[in-house]
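**Q** Listed here are the chains, written in short residue letters.
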Amino acid sequence: MASANISSRTIEITVISGENLQVRGKLIKSDVFVTVRSDLHNKNDSVSTKIDRDAAGFPRWNEKLVVDLPMHSRFLVVEVCRRSSGRKINIVATARVPVADFIAGYLPENHLQFLSYRLRDERGERNGIVNLSVRVKMAAGIEHSLLQKQRIGAPVPLPMPQGKFHGGGGVVTGVPIWSVGYRGRL
Amino acid sequence: MGGCHSDVRGGQQAVGGGQRSSGNAVTNSNDAAHNDAVDFFFRSHGLQGLFTQVELSLSASKLLDRDITSKSDPMVVVFIKKNGALQEIGRTEVILNNLNPQWIEKVPVAFHFETVQTLVFRVYDIDTKYYNVPVKTIRLSDQDFLGEASCVLSEILTKQSRSLTLYLKDGHGGSTNLGSLTVRAEETVASRSVIELVLRCSHLDNKDVFSKSDPFLRMSRVVETGGSIPICKTEVVKDNLNPVWRPLHLSMQKFGNKDNPLVIECFDFNSNGSHELIGKLQKSMADLEKLYSEKSGANFVIPSSSRGGYEKALKGQLFVDHFVQKTQFSFLDYISSGFQLNFMVAVDFTASNGNPYNPDSLHYIDHTGRLNSYQQAIIEVGEVIQFYDADRRFPAWGFGARTLDGNVSHCFNLSEIPTQPEVEGVEGIMGAYANALHNVRLAGPTLFGQVINKAADIAAHSLFASTNKYFVLLIITDGVLTDLQETTEALVRASDLPLSILIVGVGGADFKQMEVLDADNGQRLESSTGRIATRDIVQFVSMREIHSGETCLVEALLEELPEQFLSYMRNRDIKPIPLH
Numbered sequence: 001m002a003s004a005n006i007s008s009r010t011i012e013i014t015v016i017s018g019e020n021l022q023v024r025g026k027l028i029k030s031d032v033f034v035t036v037r038s039d040l041h042n043k044n045d046s047v048s049t050k051i052d053r054d055a056a057g058f059p060r061w062n063e064k065l066v067v068d069l070p071m072h073s074r075f076l077v078v079e080v081c082r083r084s085s086g087r088k089i090n091i092v093a094t095a096r097v098p099v100a101d102f103i104a105g106y107l108p109e110n111h112l113q114f115l116s117y118r119l120r121d122e123r124g125e126r127n128g129i130v131n132l133s134v135r136v137k138m139a140a141g142i143e144h145s146l147l148q149k150q151r152i153g154a155p156v157p158l159p160m161p162q163g164k165f166h167g168g169g170g171v172v173t174g175v176p177i178w179s180v181g182y183r184g185r186l
Numbered sequence: 001m002g003g004c005h006s007d008v009r010g011g012q013q014a015v016g017g018g019q020r021s022s023g024n025a026v027t028n029s030n031d032a033a034h035n036d037a038v039d040f041f042f043r044s045h046g047l048q049g050l051f052t053q054v055e056l057s058l059s060a061s062k063l064l065d066r067d068i069t070s071k072s073d074p075m076v077v078v079f080i081k082k083n084g085a086l087q088e089i090g091r092t093e094v095i096l097n098n099l100n101p102q103w104i105e106k107v108p109v110a111f112h113f114e115t116v117q118t119l120v121f122r123v124y125d126i127d128t129k130y131y132n133v134p135v136k137t138i139r140l141s142d143q144d145f146l147g148e149a150s151c152v153l154s155e156i157l158t159k160q161s162r163s164l165t166l167y168l169k170d171g172h173g174g175s176t177n178l179g180s181l182t183v184r185a186e187e188t189v190a191s192r193s194v195i196e197l198v199l200r201c202s203h204l205d206n207k208d209v210f211s212k213s214d215p216f217l218r219m220s221r222v223v224e225t226g227g228s229i230p231i232c233k234t235e236v237v238k239d240n241l242n243p244v245w246r247p248l249h250l251s252m253q254k255f256g257n258k259d260n261p262l263v264i265e266c267f268d269f270n271s272n273g274s275h276e277l278i279g280k281l282q283k284s285m286a287d288l289e290k291l292y293s294e295k296s297g298a299n300f301v302i303p304s305s306s307r308g309g310y311e312k313a314l315k316g317q318l319f320v321d322h323f324v325q326k327t328q329f330s331f332l333d334y335i336s337s338g339f340q341l342n343f344m345v346a347v348d349f350t351a352s353n354g355n356p357y358n359p360d361s362l363h364y365i366d367h368t369g370r371l372n373s374y375q376q377a378i379i380e381v382g383e384v385i386q387f388y389d390a391d392r393r394f395p396a397w398g399f400g401a402r403t404l405d406g407n408v409s410h411c412f413n414l415s416e417i418p419t420q421p422e423v424e425g426v427e428g429i430m431g432a433y434a435n436a437l438h439n440v441r442l443a444g445p446t447l448f449g450q451v452i453n454k455a456a457d458i459a460a461h462s463l464f465a466s467t468n469k470y471f472v473l474l475i476i477t478d479g480v481l482t483d484l485q486e487t488t489e490a491l492v493r494a495s496d497l498p499l500s501i502l503i504v505g506v507g508g509a510d511f512k513q514m515e516v517l518d519a520d521n522g523q524r525l526e527s528s529t530g531r532i533a534t535r536d537i538v539q540f541v542s543m544r545e546i547h548s549g550e551t552c553l554v555e556a557l558l559e560e561l562p563e564q565f566l567s568y569m570r571n572r573d574i575k576p577i578p579l580h
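Protein sequences appear in the order of chains A and B. Anchor point for the first sequence: position 120 equals 120 in full-length UniProt numbering, and the numbering is continuous, going up by one each time. Anchor point for the second sequence: position 550 equals 550 in full-length UniProt numbering, and the numbering is continuous, going up by one each time.
Since the hints were derived computationally from the structure, they do not count as laboratory data. All clues given are correct.
Quick list of in silico lysine to any residue cross-link-like pairs, SDA-like style, CA-CA up to 25 Å: (1) B/Lys238 with B/Val263; (2) A/Lys137 with B/Asp457; (3) B/Lys290 with B/Val244; (4) A/Lys26 with B/Ile138; (5) A/Lys26 with A/Arg96; (6) A/Lys26 with B/Arg524; (7) B/Lys283 with B/Asn299; (8) A/Lys64 with B/Lys326; (9) A/Lys26 with B/Ala14; (10) A/Lys137 with A/Glu12.
Isolated chain B, as found in the complex:
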């Protein structure tokens, strides 16, 4: 909706050149999608090459104009069809006042050769008041719908150009012209290389009448099949003909390789969306590195309108003030070099699970050997975590039950030996669980605080000895929390420790509270004292969804863990131990 000047700030921010997990900020991007923890699990179980990771670049033309005083502010949301239902897999950024947008944020998707993967693309006009908020948090129902299109992923990948143009429809079979959407798919190159660079310009042309230009840069990668894909844009520097932009962090995945030509365009920001080109030039990363080492500038050119196809050289120059190539290590780099994941298990023994002697209880003890919901979860989840655990020894606790001494405990050892919380392997957890079920009486309330604090304690204490351990607390619960605030406090305190918390929900309860704790909606957890969670350390998985086939267990469990692990290590600049 634009119009009012103070509202256009959203369009002036940098996109695509940010540093992943820099500091504590909640990141906006879809960068995290390539999950090598999942790949590795499958590969080591003989399921190699089941899928390839691809990323989708999106652009549109002739979108419908929904705004009265200005043009639409479009964003695309990509869904995948699973069992008839749509599951969101990613969002682009919002582009301001533009009916022919070329989005920078890519949407990653795993291409499974053997299945038909139907993708649905929905384009929305985002309301002004949502600028500057993480796109993940935008409620789609509050936005104007600009149309949708659908295709099968393999349709794009089998095209020689790897791109497909689709006409947007209104979803009700109407035939108005809503414009078109072009989807390009490219295989993701896994790469550890990241280039950090600072760009500045001098003597740019002045495009504004009453003040100086408000320049920003856009970088696009030239692709073999023709055209170019935008990979990042800088923030807008206002009223300045010699701007210096903030550092850009570009992964090899974004720019291809160091010799791949990049188009660098400098624009004068205009709040009505028609940014005026100040000048452009084409350089590869290798060229930029040379500019840096020689401390020389490259002149911008501008296509001349009068002398057809001729380019006019400008006085304005681009300089590279800083150029460093860094290695960004992957989750597997850490794990294979001796970093240890240590799992801990906590089982919910509260009365809301139902009397264990009653067949519809989640804790039902069946003497025929049929597994109850908790046992099923322990076995299925255990197989995955055991694979990544360094020594297969798990501290195992229960909570919310009356123990032998008659008091309700919110953290007791499952094993028979009171001084020894650790059990060995999945069998160990199963044995200790069955044993505890006979020895305790289910009670309540459901409090996660104590087990989280216990796990935090262990994680914090490990730091006195070494920094190469990372802990994961697995909480298996029916999901009805009594004290959300206490749990939140414990999570906020634990958020800066080498610890992640995996909550596995069993049974048919409503898991709304768990979704709050798993801060995926972009809302960071806040304690009553005003401390805010440094990072999201919670991941919630519902066994009900797993069993109904909506998600794959391994993918669901390991979805956020590698990113949580890496955010901890990278923030502290902890590197994998070099192999000798």
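Chain A with its partners taken away, still in its complex shape:
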């Protein structure tokens, strides 16, 4: 059963679009894509979107990526990259997305969240915005061991895709959701 692996969790991240992306003060014309990884992973473990060819500074990918997120990972690293003519790949801008923004238990897990972040180039200058949506995949069992100390919230009759509960066999009807001291976060 998947819940045996408690060192990471799976998130679905949809890279929707970018806004106002520039290189040397001009809107990027084409060939941009996005890579996503956790801060604990190295570049080889990144997952990437396809290349948007006709970006004109406002690329749209609308592509769902699945990222494996280690439990003690604190950031998702989102990089907008550009493939130049010599097939060379340059990083145009980066955003570090705090894991706490979507995983702190303030919202039900599996709730689709739309998040946008400021992108910055290697000198730290602002360079556009990236629009994402994130869904934390529920993996029954993981939360028990991790969140046992935390207060238990109301059981929720949220419709859950059956297939996601490996071996759960439909036992899970009202999936308990834990609200991890969301008051403290605000």
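Fit chain B to the given chain A structure using the hints.
**A** Just chain B, lined up with the frame of chain A:
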């Protein structure tokens, strides 16, 4: 101003075929204008049929050429005259290098039969550096003025052709020929139907010498009274004779009905504005659907110049790769099917309002029963929100006062019962407000952060139980914020929740800060950590403007709420609950 190649990107973007509220992007269009929340409020108060929604299509000819190396890049801004002042009601897109433009973006306006509605149209030449920015954010004072024209809305609607051509003037009585502007008005058809389609072409003619054509499509609806109105254009696909364009989302409002003929033209993009026609064809949506199901192509034709009026069939073909008809639900569809709006109220108790025992205080307690500014706002605004609230029970808080325990609180319950923030109805808010005024001492600073976080808390918590609740926090304030940054942080965090914030300003203060929070200028709020507001959730209303008659209270309060509500529901694909 064009000229330099890298600057023409703005002209290559798609217009009119975008998906409303797709993802988090700030939308550019005027789509939102038909407000069924306002209609419904009036209708249920016996004020049926006060106005009809119409939309204006604009085109111009022989505009003045302001640019030296190329032609002008025109945009029209439409204003309505209210009490002598001009109020902007909409903008078209910018068309590049064109002195005879036909704009695609329509400008919606409510036609009130009983009043004289004077419209003013101003045409501007937009500077190159403003391409690709949302048109709403363009500062008009930085642009070259190309002329203005004015008419009364009913003049257009009483014409049989529903259109009127006006000569542009320079606004100073000068008599130079500045060209003309044609305004066409059509009644808006409220429709839930949206068609999503992907178009592609094959074997297009090559129009460029050194590379292949850079094609884009323009779709126009043929109208009964003659001519056609452009409804969308696709983005430009460069250097490609077999282009595939991004999905188009067209509402029934745009294309009329499925049998209405549409002219589809394919052009080769040219940065000097004279796009060369590759070919055209006429098909209705029903025809396009048939092309899709049969997986067949339709041949483009080109009017032949030599054989007068004859059309030459081309090898180039149009294909429909994807065709889906969807239902786009309205605000009222959700509300009438059991989605609940829940209002919360927060009242400003900071010292900037003035000592409540002093007659010029906004919180003045008048024993003769005359209402102070806050009481007036609570009653007037309360009547509107109560209409849309599911159970008429409002959590009511105050902020910025020293409470009974001697500490300044930035979020305390108005009601006497400390554990029970909820009060019932407008009377409940009034009672709790009067009670609190006696029990607290006005203090400061003015911080919205805590009440916003409290409201966000409630909205977030509701998601554990159901997804059919939406919350609205009403903040009544004199508008002088102490910590804009903290408020911004709270708003950014709350921007992805089923929550809107309605800020009602009382008194005569300068409400500049509020305009910043209400991200209407297209600037999205940004937190110090780099997170950016997913959507605009703030709406600001000044009671001073309401009382001076500049705007109608119901319209002002409900102006953005339906769109904010719908953007939340549609992004998540939450549908109204089917009625049984």
